[in-house]
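Engineer: Residue numbers (the numbering used here), protein chains in the order written: chain A, 4 to 363; chain B, 12 to 379.
FYI, nobody ran anything at the bench for these hints, they're computed from the structure. A couple of the hints might just be wrong.
Computed footprint of chain A on chain B; a stretch qualifies when at least three of its residues, placed anywhere within it, have a C-beta under 8 Å from a C-beta of chain A [stated by the list, open to error]:
(1) 91-101
(2) 211-222
(3) 297-309
(4) 343-352
Glycine included, C-beta positions come from ideal geometry on N, C-alpha and C.
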Amino acid sequence: MLDPTTRLAPDSARVRSSLSGILRISLLLAAIALLAGFLSACGGGESESKKKVDAFRVGLVFDIGGLGDKSFNDAAHRGLLKAREDLGIEFEYYEPAEGSEREAALRIFAAGEADLVVGVGFLFSDDVKKVAEEFPEKKFACIDMTYQDGDVIPPNVVGIKFREEQGSYLVGAIAGLVTQTGTVGFVGGMDIPLIHKFEAGYRAGFEAVRPDGKVLIRYAGVTGDAFQNPTKGKELALAEIDQGADILFHASGSTGLGVFEAVRDRDKLAIGVDSDQQAEAPGHILTSMTKQVDVAVFDTAKAAKDGTFQGGIRILGLKEGGVDYVYDENNSQWITPEIRERVEALRTEIAEGRIEVPAS
Amino acid sequence: MTAPRGRVGGGVDVAGRGAHSGIAGVLASGWVVGLAPAVLAIGGGLLLGGLLVSLLGVSPLEFYSVLAKGTVGSAFGWGQVLFRATPLVFTGLSVAFAFQARLFNIGAEGQMLLGGLVLAWVGAWTGLPGAPFGVLLALLAAAAMGGVWGAIPGLLKAKTGSHEVIVTILLNFVAFALVNYLLTRGLALPETVRTAEIQEGARLARLTEWVPVFRGAPVNAALFLACAAAVLLQLWLRLSPHGLSLQLLGEGPGAARYAGLSVGRLTVLAMTGAGALAGLGGASFVLGYKYYFEEGFTGGAGFLGIAVALLARNRPLWVVPSALFFGALSYGGFVVNRLVPRELLDVLQAVILLLFILFDQRLGRKRT
Numbered sequence: 004m005l006d007p008t009t010r011l012a013p014d015s016a017r018v019r020s021s022l023s024g025i026l027r028i029s030l031l032l033a034a035i036a037l038l039a040g041f042l043s044a045c046g047g048g049e050s051e052s053k054k055k056v057d058a059f060r061v062g063l064v065f066d067i068g069g070l071g072d073k074s075f076n077d078a079a080h081r082g083l084l085k086a087r088e089d090l091g092i093e094f095e096y097y098e099p100a101e102g103s104e105r106e107a108a109l110r111i112f113a114a115g116e117a118d119l120v121v122g123v124g125f126l127f128s129d130d131v132k133k134v135a136e137e138f139p140e141k142k143f144a145c146i147d148m149t150y151q152d153g154d155v156i157p158p159n160v161v162g163i164k165f166r167e168e169q170g171s172y173l174v175g176a177i178a179g180l181v182t183q184t185g186t187v188g189f190v191g192g193m194d195i196p197l198i199h200k201f202e203a204g205y206r207a208g209f210e211a212v213r214p215d216g217k218v219l220i221r222y223a224g225v226t227g228d229a230f231q232n233p234t235k236g237k238e239l240a241l242a243e244i245d246q247g248a249d250i251l252f253h254a255s256g257s258t259g260l261g262v263f264e265a266v267r268d269r270d271k272l273a274i275g276v277d278s279d280q281q282a283e284a285p286g287h288i289l290t291s292m293t294k295q296v297d298v299a300v301f302d303t304a305k306a307a308k309d310g311t312f313q314g315g316i317r318i319l320g321l322k323e324g325g326v327d328y329v330y331d332e333n334n335s336q337w338i339t340p341e342i343r344e345r346v347e348a349l350r351t352e353i354a355e356g357r358i359e360v361p362a363s
Numbered sequence: 012m013t014a015p016r017g018r019v020g021g022g023v024d025v026a027g028r029g030a031h032s033g034i035a036g037v038l039a040s041g042w043v044v045g046l047a048p049a050v051l052a053i054g055g056g057l058l059l060g061g062l063l064v065s066l067l068g069v070s071p072l073e074f075y076s077v078l079a080k081g082t083v084g085s086a087f088g089w090g091q092v093l094f095r096a097t098p099l100v101f102t103g104l105s106v107a108f109a110f111q112a113r114l115f116n117i118g119a120e121g122q123m124l125l126g127g128l129v130l131a132w133v134g135a136w137t138g139l140p141g142a143p144f145g146v147l148l149a150l151l152a153a154a155a156m157g158g159v160w161g162a163i164p165g166l167l168k169a170k171t172g173s174h175e176v177i178v179t180i181l182l183n184f185v186a187f188a189l190v191n192y193l194l195t196r197g198l199a200l201p202e203t204v205r206t207a208e209i210q211e212g213a214r215l216a217r218l219t220e221w222v223p224v225f226r227g228a229p230v231n232a233a234l235f236l237a238c239a240a241a242v243l244l245q246l247w248l249r250l251s252p253h254g255l256s257l258q259l260l261g262e263g264p265g266a267a268r269y270a271g272l273s274v275g276r277l278t279v280l281a282m283t284g285a286g287a288l289a290g291l292g293g294a295s296f297v298l299g300y301k302y303y304f305e306e307g308f309t310g311g312a313g314f315l316g317i318a319v320a321l322l323a324r325n326r327p328l329w330v331v332p333s334a335l336f337f338g339a340l341s342y343g344g345f346v347v348n349r350l351v352p353r354e355l356l357d358v359l360q361a362v363i364l365l366l367f368i369l370f371d372q373r374l375g376r377k378r379t
């Protein structure tokens with residue numbers, strides 16, 4: 004029989020030597036980390052003391068995608084930065100990545116020092132309502148909030164909605180007045196009701212000024228990926244250009260970057276969305292349909308700070324300045340004074356309720 | 012020695028107790044050697060993490076104290092971590108199960124997604140019986156759905172020899188598209204990306220109902236289901252002839268064929284079982300937290316399950332602590348979000364895994 008000790012001795016020796024090798028690596032790592040820790044400890048340290056003690060505090064939770072999307076989330080962030088500048092508020096934020104983190108973030112803010120808690124995006128609708136009921140002394144806001152008929156909105160919640168179809172109507176009219184081929188295109192991101200609002204308004208606005216024209220409609224897909232697929236966006240845009248479209252409106256997140264590339268390649272025009280997207284393709288952006296998320300965030304923070312906060316659903320259309328289109332020195336070459344006048348007349352008609360813009 | 016790796020530690024253990032005492036004996040004992048790569052990898056990863064954090068101008072001390080306080084430093088944090096770990100146990104078990112037969116299930120994400128949709132769909136059925144049968148029915152349906160989705164690559168491998176890695180990856184995309192198609196074509200409530208709420212009879216209780224300190228945290232009874240699944244799977248692999256056959260197949264198709272086993276049937280079994288386990292991954296979110304299916308609810312748990320199984324060396328019982336660890340890390344990314352970009356914790360996860368593979372290979376080679 005084999006004596007166990009004769010097998011063990013070399014085995015354990017080898018184990019020990021390889022462990023000591025790893026130990027050496029680990030010690031090295033530890034030394035580096037400690038050194039780095041000391042270095043950073045010397046540099047840091049002032050961040051905590053900057054906070055004001057009695058400032059009005061806002062906790063903001065971003066939509067999926069987080070900061071740096073050049074659109075929705077960044078607009079909300081701009082609103083906060085302006086509020087810090089003008090109103091002297093303090094703010095903190097979270098960028099949730101997963102379903103349960105939205106509620107967790109709202110809860111952490113509500114249970115902490117925040118006076119106003121903001122959820123950016125329709126995904127927050129249920130979470131905001133739920134957490135707000137548990138923290139009645141705190142104020143809550145939800146951008147793009149969805150609700151069904153009969154839903155009860157707690158009194159400490161304001162749900163902010165935008166009439167995207169109204170802004171889209173105006174850029175549709177601009178497209179109809181500027182187009183030379185009589186054919187324009189629309190590139191949607193995900194094929195869902197929210198994006199159908201953009202399409203419906205755009206189409207209605209175009210047809211109002213150009214009843215004989217044609218609107219080409221294409222969607223990038225049925226998954227969330229449809230909002231971040233520039234390759235697909237370019238493909239769809241080129242297809243529409245080949246069918247005669249000379250102006251393309253996109254409502255497709257970063258998929259739209261492909262649309263911009265297509266209009267640059269073929270020397271056509273594009274219409275941006277959410278924020279002013281002029282910088283993405285200078286010389287090829289006819290205008291942008293803007294959604295004033297920053298204004299909404301700023302106004303809500305101001306109201307909450309001043310004590311004029313009112314719960315309920317606020318719907319921001321053209322009349323309230325919630326949606327708009329960009330008109331400045333970059334696009335006055337296309338949007339002539341006559342066109343501008345015509346579009347502004349439409350704006351007035353919509354604001355006064357004489358034109359009913361379809362949302363689907 | 013050609014013994015399968017999982018049992019080598021035990022052999023050394025016997026020898027260790029017999030002869031040496033002192034440090035060498037302890038080091039050579041199976042437990043310590045078995046855990047050493049994981050401990051070293053986690054330690055090394057955390058050190059490197061501290062380095063990265065300090066490069067970003069944040070003090071590592073502050074970083075780790077915020078991380079610890081937010082995750083394991085409060086009942087709320089624990090509730091979040093346990094909630095996060097629950098689906099990871101299921102997907103980790105899924106990957107580990109397929110790997111018994113040396114098959115790679117990269118499709119847990121799609122299986123979990125489809126299983127989750129079925130949970131919500133069956134759960135919302137108005138004719139559903141009350142608890143516990145409603146829950147049971149929903150779980151069975153989800154496991155069946157995941158099982159079918161897993162069986163496809165199994166069958167394709169058995170019949171045509173097409174590689175399960177490719178097929179499972181591609182089936183993920185099919186699952187994403189299918190789920191979104193169904194959502195946009197009627198399953199989702201208007202203007203949302205979620206389904207209707209499930210019936211009372213299909214709901215799993217929140218842990219807050221028994222342990223009030225978890226107030227507000229989403230952890231729920233699905234955690235117990237996950238742990239039970241791990242225990243049952245471990246027993247099944249040890250005791251059932253099928254479990255042993257799977258492991259024999261893992262030694263190589265030649266060995267299995269020589270033993271008179273049907274390689275094709277075992278392949279399908281391994282992938283179906285893996286799919287069924289992943290199909291249950293949504294139980295925690297759909298039956299125990301939100302009570303509905305929501306687009307993107309998986310949060311990548313299907314893919315992270317691969318890492319969970321790897322760190323657990325594909326042993327079902329070890330999947331539980333491994334899932335807990337990865338659950339803490341992924342919730343940790345959210346916790347430290349106010350200090351550093353949350354992607355840093357993803358980097359940390361990757362570093363820990365790489366170190367683990369490195370250490371495990373070095374130590375593992377020495378051991379055999």
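Engineer: Against this structure, judge whether each hint is valid.
Structural biologist: Hints, one by one, checked against the model:
1. 91-101: holds (count 3)
2. 211-222: Coverage by chain A is violated here, the residue count being 0 at a Cβ distance below 8 Å.
3. 297-309: Our answer is that it holds, as 6 residues pass the Cβ test (under 8 Å) against chain A, meeting three.
4. 343-352: Coverage by chain A holds for the region 343-352 of chain B (4 residues, Cβ < 8 Å).
The earlier numbered hint that this structure contradicts is number 2, and it is the only one.
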